[in-house]
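Protein chains in written order, with my numbering: chain D, 3 to 265; chain U, 413 to 708.
Quick caveat, the hints were computed from the structure, so don't treat them as lab data. Please note that a few of the clues may not be correct.
[Said to hold, decoys possible] Just a few of them, taken from the derived set where beta-carbon distance is under 7 Å, the chain U residues facing chain D: (1) TYR427; (2) THR431; (3) GLN432; (4) ASN465; (5) LYS490; (6) ARG493; (7) GLN501; (8) SER505; (9) ALA510; (10) GLN514; (11) GLY519; (12) VAL530; (13) ASP585.
Backbone N, C-alpha and C fix where the C-beta goes; we use that ideal spot for every residue, glycine too.
In case you want the letters, here they are:
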Amino acid sequence: MTNIDKYAYSSKLKHTAPLKKLIFAMLALAVCLWADSVPVSVLVLFIMGWCTVYKGGTPVALFIKLMLVPVTFLIIGVLTIAINASGNKDIFLFSIAAFGTHLGVSQSGMQQAALLFFKSTGAVSCLYFLSLSTPIVDLLAVLRRLKVPKMMIELMGLIYRLIFVLLETADTIYTAQSSRLGYANLISAYRSLAVLASSLFIRAYKRSDELYTALESRGYDGELSVLEEPFETHWTEYIPPVTINLVLVFIALLLKRYTGGVL
Amino acid sequence: MIENILEARNLYYTYNDGTQALKGLTLGIKQGKTTAVLGGNGAGKSTLFLSLNGILKPVTGEVFFKGLPLDYSRKGLKNLRKSVGIVFQDPDSQLFSASVFQDISFGAVNIKLNKEEVRKRVNMAMEQTGITHLKDKPTHCLSFGQKRRVAIAGVLAMEPEVLVLDEPTAGLDPIGVSEIMKLLREIQQELGLSVVIATHDIDIIPLYCDYTYVMNQGKIVLSGTPKEVFGQPGGLRKVNLRLPRIGHLIEILKDKDGFAFNDTANTISEARRLLRDWKTSQDKSAEGVLKHVRRN
Chain D
3 MTNIDKYAYS SKLKHTAPLK KLIFAMLALA VCLWADSVPV SVLVLFIMGW
53 CTVYKGGTPV ALFIKLMLVP VTFLIIGVLT IAINASGNKD IFLFSIAAFG
103 THLGVSQSGM QQAALLFFKS TGAVSCLYFL SLSTPIVDLL AVLRRLKVPK
153 MMIELMGLIY RLIFVLLETA DTIYTAQSSR LGYANLISAY RSLAVLASSL
203 FIRAYKRSDE LYTALESRGY DGELSVLEEP FETHWTEYIP PVTINLVLVF
253 IALLLKRYTG GVL
Chain U
413 MIENILEARN LYYTYNDGTQ ALKGLTLGIK QGKTTAVLGG NGAGKSTLFL
463 SLNGILKPVT GEVFFKGLPL DYSRKGLKNL RKSVGIVFQD PDSQLFSASV
513 FQDISFGAVN IKLNKEEVRK RVNMAMEQTG ITHLKDKPTH CLSFGQKRRV
563 AIAGVLAMEP EVLVLDEPTA GLDPIGVSEI MKLLREIQQE LGLSVVIATH
613 DIDIIPLYCD YTYVMNQGKI VLSGTPKEVF GQPGGLRKVN LRLPRIGHLI
663 EILKDKDGFA FNDTANTISE ARRLLRDWKT SQDKSAEGVL KHVRRN
């Protein structure tokens with residue numbers, strides 16, 4: 003988690019207007035979900051991968067590794083869709099007899115599973131592109147410009163800032179506990195974990211108090227207003243991301259028309 | 413006469429759980445000087461500081477800013493906090509934004525300046541604290557010392573008249589300590605600020621501070637220039653404090669080893685002067701003896 007954040011800050015795309023990246027990723031995500039087609043999903047995956055790796059300078063290995071995280075879950079999920087049970091052996095491409103019935107993979111089940119698999123990876127790649135190229139701070143600035151309620155943005159900002167403090171605190175407590183054999187066996191591990199959770203809660207509560215005091219002394223009046231450096235953009239810059247997505251939509255429509263929605 | 417920019421008169425403060433943190437505390441912060449508030453853990457320093465900018469309201473007693481008692485109305489507090497800025501001990505509890513630039517701008521935006529002025533002040537504050545290169549870094553990737561500088565910059569951007577710092581040297585390595593203290597001295601001289609620091613780092617006081625208060629159990633027990641305060645080692649030891657290392661050395665040399673110093677010294681440069689003077693006087697007396705011997 004900390005790592006993704008670090009790569010976002012070192013991305014070559016960091017200084018590209020965040021709104022542009024957001025529009026690009028969200029449009030591609032929408033197209034990918036709407037098109038419901040394997041080739042379009044694969045295209046989206048490749049476009050996002052290419053943008054992240056070549057345009058953003060994120061290491062290929064990292065991108066692949068990150069993609070593998072949801073893929074593991076996906077494979078398990080998709081298997082349950084692909085494998086069906088039926089008394090009729092003929093509907094399956096291949097099957098085994100078990101528990102007095104037939105378990106196997108049918109053509110339609112296979113298609114459904116593949117579609118779901120590629121749709122999900124395509125969609126995830128859009129989000130990875132965004133999170134590997136855009137620091138949260140920039141994203142929040144865009145959301146503010148898009149008139150998302152202030153309360154939500156402030157909360158998101160605070161959570162993002164303090165999650166690192168919380169992790170650090172948890173880490174310190176964990177180290178302190180394990181250096182005194184707090185996790186030596188299962189029973190003591192459970193006990194230590196309980197203590198860790200409760201003391202983390204108390205510390206977080208105390209810290210929120212301190213934060214409030216500190217904010218108050220800098221003139222906090224209910225709103226976390228800060229100065230944001232606006233990104234200078236011209237409307238013409240939005241043409242490429244929109245065009246790419248229009249092309250994708252076009253391809254999807256063609257595929258639907260000529261293959262009858264099989265792919 | 414030096415005017416007191418901030419004054420506390422006979423402050424009493426009790427927390428909800430019954431802890432009496434301040435028990436009749438009186439002190440004055442001199443305009444344009446660096447004042448140290450020295451005290452062990454739990455002496456009430458933090459409570460005092462929070463009272464100085466109106467976060468805590470004393471039960472009895474009053475705080476005066478520029479000769480006028482504090483106005484605890486919304487508007488009055490806003491004005492006060494613009495003039496009296498506090499830098500807290502733990503930068504992690506002060507920095508709320510993941511962006512260094514945005515965090516520094518917070519106070520300046522709150523005093524309703526226009527964007528240009530805010531930007532100017534933020535850039536200036538980053539320059540003064542030497543963190544311009546950290547502008548685009550996320551807060552959680554900074555080192556502890558860097559975070560403390562960002563916290564100081566966030567207060568400086570409000571252009572306060574008094575800068576109050578709670579343990580500014582805590583948690584820093586020796587180089588970090590002298591850097592941050594030099595930085596404070598520079599800012600103070602450049603901007604004519606009045607600086608107040610709470611500390612139990614005794615050795616930095618004779619180096620960087622003009623005036624010292626010693627606090628114990630919610631009261632001021634000693635006060636004066638560092639030289640005056642460290643001239644009363646008994647009083648300091650009674651409240652679990654000590655002399656600066658150099659001062660202690662000079663004291664031992666004087667009391668136990670019979671060196672006839674006619675002054676005290678608390679810093680290396682003071683000690684050098686003292687020892688040089690002592691050497692000269694020794695040489696002189698030796699010469700006197702020689703002359704005396706030759707004459708006879």
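Now for the hints, and whether the structure bears them out:
1. TYR427: violated (13 Å)
2. THR431: Violated - the Cβ of THR431 of chain U stays beyond 7 Å from chain D, reaching only about 16 Å at its closest.
3. GLN432: violated (20 Å)
4. ASN465: holds (6 Å)
5. LYS490: holds (6 Å)
6. ARG493: holds (5 Å)
7. GLN501: Since the shortest Cβ distance to chain D is 9 Å, the answer is violated.
8. SER505: holds (4 Å)
9. ALA510: This hint holds: ALA510 of chain U lies near chain D, its Cβ roughly 5 Å from the closest one there, short of 7 Å.
10. GLN514: holds (4 Å)
11. GLY519: With a minimum Cβ separation of about 4 Å from chain D (threshold 7 Å), the hint on GLY519 of chain U holds.
12. VAL530: holds (5 Å)
13. ASP585: Check failed: Cβ of ASP585 of chain U comes no nearer than 19 Å to chain D, outside 7 Å.
Hints 1, 2, 3, 7 and 13 from the earlier list are contradicted by this structure; the remaining hints agree with it.
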